[in-house]
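Can you build the whole structure from these sequences, using the hints too?
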Amino acid sequence: MSKQLKPGGLQYVSRVLANKYDVSLSTFVLIDATRNGNIMTEIAELYGVNRDGKDSYQFLSDLVKHANKKSSLPIFNVTNMTRYDLIAMGIDPVSGRRPRWLSLTSYGMTILKDFDKLMYE
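FYI, in the numbering used here the residues of the sequence shown are 1 to 121.
If you're looking for bench data, these hints aren't it; they were derived computationally from the structure. Note that CB positions come from ideal geometry on N, CA and C, so glycine has one too. Do not take every clue at face value.
Stated by the list, open to error - Taking lysine-lysine pairs in the DSBU-like style, the calculated list, with each CA pair at most 30 Å apart, reads: (1) Lys-113 to Lys-6; (2) Lys-20 to Lys-3; (3) Lys-20 to Lys-117; (4) Lys-6 to Lys-70; (5) Lys-113 to Lys-20; (6) Lys-113 to Lys-3; (7) Lys-20 to Lys-70.
As the list claims (entries may be wrong) - Listed next, with one range per pair, are the computed distances between beta-carbon atoms: (8) Asn-36 to Tyr-12: 21 to 27 Å; (9) Pro-93 to Lys-6: 35 to 41 Å; (10) Asp-85 to Ser-61: 27 to 33 Å; (11) Gly-8 to Ile-87: 21 to 27 Å; (12) Ser-14 to Leu-46: 18 to 24 Å; (13) Leu-25 to Met-89: 26 to 32 Å; (14) Asp-62 to Thr-82: 44 to 50 Å; (15) Pro-93 to Arg-15: 39 to 45 Å.
See below:
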């Protein structure tokens with residue numbers, strides 16, 4: 001069963017939750033994309049960015065850094081992963097830079113729960 005957006009949910013989130021947690025709408029989008037965690041390249045693909053360029057997902061790193069700095073508590077955890085970690089998780093190893101795993105802190109999960117209550121039916 002897929003989630004259905006509530007009418008006016010995005011406007012309510014951008015007005016009420018953005019003020020409550022002092023985060024930007026782009027941070028909410030990244031929180032929604034991250035959910036239970038994933039490697040940054042996979043999250044970048046959700047944004048329509050492919051793996052071809054070296055800096056293809058640099059915007060994610062910048063957004064995470066800015067969100068964690070602006071917020072009273074950290075929202076995101078970033079963990080460097082080895083090839084062995086990826087293979088153990090069943091994810092194809094990515095060539096080039098060491099992939100990074102992006103996940104939510106407990107504060108980030110609190111924001112996600114409020115976000116889900118307001119956005120989805």
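Exercise. Would the pair Lys-20 and Lys-3 pass a check requiring their Cα atoms to be no farther apart than 30 Å?
Worked result: Holds. Lys-20 to Lys-3 sits at ~24 Å (cutoff 30 Å).
Problem set entry | Status of the given 26 to 32 Å range, CB of Met-89 versus CB of Leu-25 | Given about 30 Å between the Cβ atoms, the range holds.
Exercise. Given the hint that Lys-113 pairs with Lys-20, does the C-alpha gap stay at or below 30 Å?
Worked result: 13 Å, holds
Exercise. Do Gly-8 and Ile-87 keep their Cβ atoms within the hinted range of 21 to 27 Å?
Worked result: For Ile-87 against Gly-8, whose Cβ atoms are near 45 Å apart, the range 21 to 27 Å is violated.
Exercise. Cβ-Cβ distance between Pro-93 and Lys-6: within 35 to 41 Å?
Worked result: Holds - the Cβ-Cβ distance for Pro-93 and Lys-6, about 40 Å, lies within 35 to 41 Å.
Problem set entry | Satisfaction of hint between Lys-3 and Lys-113, Cα-Cα up to 30 Å | Cα-Cα ~14 Å, so holds.
For this session: Decide if the proposed pair is consistent with the structure: Lys-20 and Lys-70, CA atoms, cutoff 30 Å inclusive.
Result: 13 Å, holds
Exercise. Quick one: are Asp-85 and Ser-61 within 27 to 33 Å, going by C-beta?
Worked result: 19 Å Cβ-Cβ, so the 27 to 33 Å window is violated.
Exercise. Would you say the C-beta atoms of Pro-93 and Arg-15 sit inside 39 to 45 Å of each other?
Worked result: With Cβ atoms ~42 Å apart, the hint holds.
For this session: Starting from the range 44 to 50 Å, see whether the pair Asp-62 and Thr-82 falls in it by beta-carbon distance.
Result: 24 Å, violated
Exercise. Are Asn-36 and Tyr-12 spaced within 21 to 27 Å by their CB atoms?
Worked result: 24 Å, holds
For this session: Could you grab the alpha-carbon distance between Lys-20 and Lys-117 and see if it respects the 30 Å cut-off?
Result: Holds. Lys-20 to Lys-117 sits at ~14 Å (cutoff 30 Å).
Comparing the model with each numbered hint stated earlier shows that hints 10, 11 and 14 do not hold.
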